[in-house]
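If you want the building blocks of each chain, they are given just below.
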Amino acid sequence: MSRQELRMTTDTLLEISNLDAGYGGVDVLRSISLAVYAGEFVSVVGPNGAGKSTLFKTISGLVTPSAGSIHFKGQDLLAIEASRRPHLGIAHVPEGRQVFPSLTILENLEMGSYVTDRRASADLLEKVYHWFPKLRERHGQLAGTLSGGEQQMLAIGRGLMADPAILMLDEPSMGLAPAIADEIFERLLEIHRENSLGIILVEQRVAEALHFARRAYVLEAGQIILSGAPADLQDDDRIRQAYLGM
Amino acid sequence: MSGGTRDLIHIGLFAVVYMVLAFLVSNSYYQLIMTIVPVWAVMGLSWNLFSGYSGLISFGHAAFFGLGAYLVALCMIVWELNPWITIPLATVACGAAGLLVGLPTFRLRGHYFALAMLAYPLALLYIFEWLGYQEVALPRKEEAPVLYMQFESQVPYIALALLLLVIALVVTSRLIHCRFGMSLLAIKLDEDAAEAVGINTLAWKLSAIMISAALAGAAGGFYAVVLLVVTPLAVFGMLVSAQALIFAMFGGVGTLWGPVLGAFILVPLSEILYARYAADFPGIQGVIYGIAIIAVILFAPQGIFWKLQVLLKPGRSLVLGATASGMNDRADVGLLKVDAVPEAGVILEAAGLSKAFGGLQATNNLGFQVKTGELLGIIGPNGAGKTTLFNLLNGFIRPDSGSITFRGNAIVGKKPNRICAMGMARTFQVARPFTQLSVLDNVIVGAYVHSRGNDEAALHASAAIKLVGLERQCDLPAVNLTNKELRLMELARALASKPYLVLVDEILAGLDPDAMKEMLVVLRKVQDLGITVVIIEHSMQAMVQLVDRFIVLDHGALLTEGEPDSIVRDPQVIEAYLGKKWLADSGHEQTGVADDN
Amino acid sequence: MDALQTLENVLQSLVAGLQMGAMYGLMCVGLTIIFGVMRVINFAQGEFMMLGMYFTYFCFSWLGAYAFLDGVWFPFVLALLAGPALFLLGMILHRLLIHTVTGRKASQLEAGGHYAQLVLTLGIALVLQNGGLFIFGSTPVSVSNELSYSAWEWGPMVGDRVSVFVNQAQTISAILALAVVIGFGLLMGKTRLGKSLRAASDNPDAATYMGINVDRAHRIAFGLGIGITAIGGGLMATNASFQPYIGTEYVIIMYAGVVLGGLGSVRGAFLGGMIIGILQQVSAIILPNQLQNTVIFVCFLAIILLRPQGIFGQRDRVA
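These protein sequences, in sequence, are chains A, B and C. Residue numbers for the first sequence, in our numbering: 1 to 246. Residue numbers for the second sequence, in our numbering: 247 to 843. Residue numbers for the third sequence, in our numbering: 844 to 1162.
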C-alpha cells in the first residue's frame, strides 16, 4: 500500500499499549495507552516534565521502554532498530528543531528524503517549497544561520520530505514569537487537510493544540489523565489544575 | 582503624616480604627485574595520582621521567654531584616542571589537553638529541662507589628501589585519604559540580600535577643510576608515557595498589618475554603492552583491581576513595543554622541582567530581589530561561550586561567556587552526583569549602544528611540511589557548605506525590534554619503550597511577581502557560475572579 | 651570505614545502575526518600511514617483476590503491574494536568515552608499530624509481645564478594528493553518502530520525579516514625511506596540521598540513636537522594554547 493510500484508510496507524519508559532506570512514562488513526490530527498536551518528549523519543527508538508495546501499521515497532523506523512512514520533527547546522537548507531537506526514492524526492521538494516559499528563496543558506521560525519551517519541511503517514511534532512553538508560531500552526493545518496527513502534535500551549486537533490526550506526571474531543476537554477544569495547581 | 593506618600496615608488610625475596633470589637477571619493577610501579603511581584521580589523561609523563633522568646523569658528569643529592633535587625540579606544564595546559580540556601533554616529551626528545645527548653514560666512580650509588651487589639497588616505592605509596596513601583525593575524585567525576560546591579546581589540579611530576622525576633519576646509560628515546619516548598509563589502568585506576599490581604483573612478563623471544620477535614488548591495553579497555575498563572487586563482591557498585572519617552521629542539624543577619532585608539582587546565545535572547533585562529568609519560587513555561538564570547567579555563565549583588557584594565575574565560598549553594536540574563516591563522601565534598579538616567536614556533612533524612543510605554508592534519594543527597551536599542562600533547580521533577510531600517538608526545614531558598519548579501544585512569593518569567524577562493566590489567577500567567486562545475559546472570563475563592 | 644563494635556498625550500605540504595535508585530512565525524582522537593514525607505505612497498616488490607493470606510474597507482585496501581494514577495525568506545553507548563510559578512545587507539598503535617491526623488520626500505631521482629545472633565473630543482616524483605525489583531497571534498559535498556523514556528525539524534544509521556512518568515516591517510603514506613512500616506527614521527605533524586548521574542518586540515610542510622545509635553512621537528612542536603547542580552534575551527561540541 502506498503512503497515499495508507493515509486514506480508517485503520489504526499507531497503537501504544501500557507503555513504561524513562531514563536511567527511572520511568518517566507510566502505563501510557493511546491510538492514532490514519489521517488524524491528535494533540498531546501537558505541563512540562509530563513526559511528552520521552513519548516521541520512545516511538522513534532513542529510548527503550521497560514495558508495553508500540505497533505501527500492525508491525511491532520495538523489534525494529531506531534508524530503520523512519523507513516505515513515521517522521519526527524534534523539540528545538534540531536542524543540521552545517548543511544548507536544501541539503537538510535532502536528508529528510533519505528514506524516499529519488523520483518521489523531486516532487516532494516542490511541495515543500510550495508550503514554505522562504525555504526556496534561501535554499543555499546554512541552516545554522536561520532564525528560529525559519528553522522550524525547515524542520517541518524536512519531516515532510520523508512522505510520512504520520508526522510527529514536538513543541514546534517553543521559543518562537506568538505571531510566527501562529503562522506555522496555520500552515500545518493546511498541509494536514490537503494531504490527509496524520499528525501528532505535542504542545505545552494547550489552546493552540486543542484548537487544531480532532482528538487530544492530556499527559501529567507521566500518565494520561484525560482524553477526548477538544470541545469536551476545554471545559474540563482538570487541565487548568494540571498546569496551575488550583 | 582508618584507611590510612591500614595502608601503612600493608605497605610495611609488603616491604618486608619484598626485601626477604631480594635476599633469596640469586639470579642476577631476576634481581635486575626486581629493581626495575618498583621504578615502574612508582611511575604508575605517579600517573595514577594525577590522571587516575583527576580524570585528565596525561600522555606526557615521560617528560618528567626523562628530565629527572637527564638531571641526575648530567649533574654527575658535569659537576660530579652524587645521586643522594641529585635525586631529591630532580624530584623538586620536576615538581616545578609540573607546575610550569600545568599552568598553560589546564586551560584545555579533553582532547586538547591530551594532545598537548603528548607534545611535551616528544619536544624534549628532539631538543636533547639536538643538544648532543644521544647517549649519556654515567661514569664509573671507583673511588667512592657507595657515594655514587654504584654497588657491586644488586641487593642495595633493590633496597633503594623499594625505598622509593614505599615513599611513593605512603605519599599516595596520605593524599588519597584526605581532602586532596576526594577533591580530585570530585573533579574527575563532575568538574562543574565540584566547582559549584566550592572546590578550587585549578588549584587542586596544579597540586596534583606537581606531586605527580615530582614522583616521576624521582623514578627517572633513579632509573638513570640503575641503567647507567640515558638515551632520549629510552626516557622521553612514547613507550614510557604509555607504560605509566598502562600499569595504572591495568591494575586499577584510582586505587593505591592498582598501579603496583599492574607493574608487578606486566613488567616481569614483558621483560621475560623480551629476553626469551626478542631475537626472533623484535618488538614483542610493545605488542604485549598494546594487547594488554586493548584487553583492559574492552573487558575491564576500570582495571583488574576493580574487576576483581566486582567479581568477588557481586551486586556492590564501585566506590572510589573513602574519607578517613565516618558518619558522625552526634552531629546536630543546628550546625547549619544561619544567624539572623543584621542587614536583613535583601540578600540577593539582580538588575538589568541580559544574556544571549547566538540569536536567542535567553535572559532579557531581568531584575528582581530576594528577601532574606524567604522561600521564593521562580516559575514560567518551558524555555523561559529559568536554568539560565541560575547559571548566571551561580557564576557558570557571565551575563552580557547587568549586575548581581549577593550579601552586599557584586559577584559578576567571580568563579562558581568563590561564590559558593561566599555562601550561595545550588543543586542541578539534572542531578549531578559524584557517582562512584558514597553518599557520605558526596556530601563531605560539599563540606570542604567551610571546614578545616576531615573531621569537621564529616561533622557538617552528617548534619546535612540528618536534615534531609538520608542517614540509612550514607554508605551506599551514589549510583545506587533512587530518584528521590538522589535529589535529597544533592540538597544535602549543597547544605553542607553552610550556605546563606541555596538555589534549588527542579528538585521535584518526576517524583510521585508521596516523595513530593517529603521533599516539601525538608525544604520547609531548610527555611526554618534561616537559609534563604530560591526554587525553580514546573509543578505548580506543589509550589503553591510551599512558597512565600513567586516570580514569573517568560521569554527570559520578568512577567510578574506576587503571592501564590494572585499569581495563579493572573491572566498574564494563564496566557503564558496555556496560550492566548485558552482565554478566548474556553470562555474563562476574568471579571469574576474574586468569586472563585 | 650571498643574497642570491639565499634566494635560491628559500625558493628551493618553498617548492619542497609545497610538495611535502600537499602530502601532509592529505594525511591531515584523513585524521580530521575521523575527528570531525566521530569525535574520536586516533593515536594510531601514524601507524596506518605506515601500513599504507608498506602496502605500496610490498605490492611494488611482488608485482613489479611483471614487465607490463614496469612503468614509472606504477608506484603511484599502488599508493592510490592503498586507500581502498586500508579503507576495508579501517571498517573491520571499527566493527571489531572501535565501536565499543564510540557512539551513544559509549557516552555511558567515563568522560563520555574519550578516555577509552584515547587509550584504545594507543593500544592499537603499539600493536601495529611493534607488530610491524616484527613482520617488516627494522631495515629502512623505500619505493623509488627513476622519477624519484629526476627533477625539472626551474630557471636559470636572475642572470644565470638562481636555479630551482623540482623533484618529479614529489611533484606527481603532491598533485595526486591534491586530486584525492578534491575528490574527497566532492564526495562529502555532493553525494548522498557524504551528506549523510556530515549530518551524522552535526546531530546524531536528528540523523537517526532521518533514517541514517549513525553507527554505520561512523564505520564508513573511520574507514575513509584511515584510507586517505594511507594514500598519503603511499605517496610519501616514493620519496623517502621508512621503517615501522615512522608513524610516531608523523603523529605530531598530523595533529599540528589538523589543530592549526581547526579540528573537523577538511579545508582547514589540508591548509594546516601545507603550512606545516612549508614551515618545516623553510626552517631547514636556518635550523639544524633535529630542530626542524621541534619547530613543529612549538607551533603545535602555541596553537593549542593560544587559539585551540585553529583557523577554520568548528564549534567545539565536545568540551
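Heads up, some of the hints might be wrong.
Computed cross-link-like contacts, BS3-like style, restricted to lysine-lysine with a CA-CA straight-line distance of at most 27 Å [stated by the list, open to error]: (1) A:LYS73 / C:LYS1033; (2) A:LYS127 / C:LYS1033; (3) B:LYS763 / B:LYS617.
Hints listed in this document are in silico derivations from the structure and should not be mistaken for laboratory results.
Tested hints:
1. A:LYS73 / C:LYS1033: Answer violated: A:LYS73 to C:LYS1033 is near 35 Å, above 27 Å.
2. A:LYS127 / C:LYS1033: holds, 23 Å
3. B:LYS763 / B:LYS617: This hinted pair holds, its Cα atoms lying about 25 Å apart.
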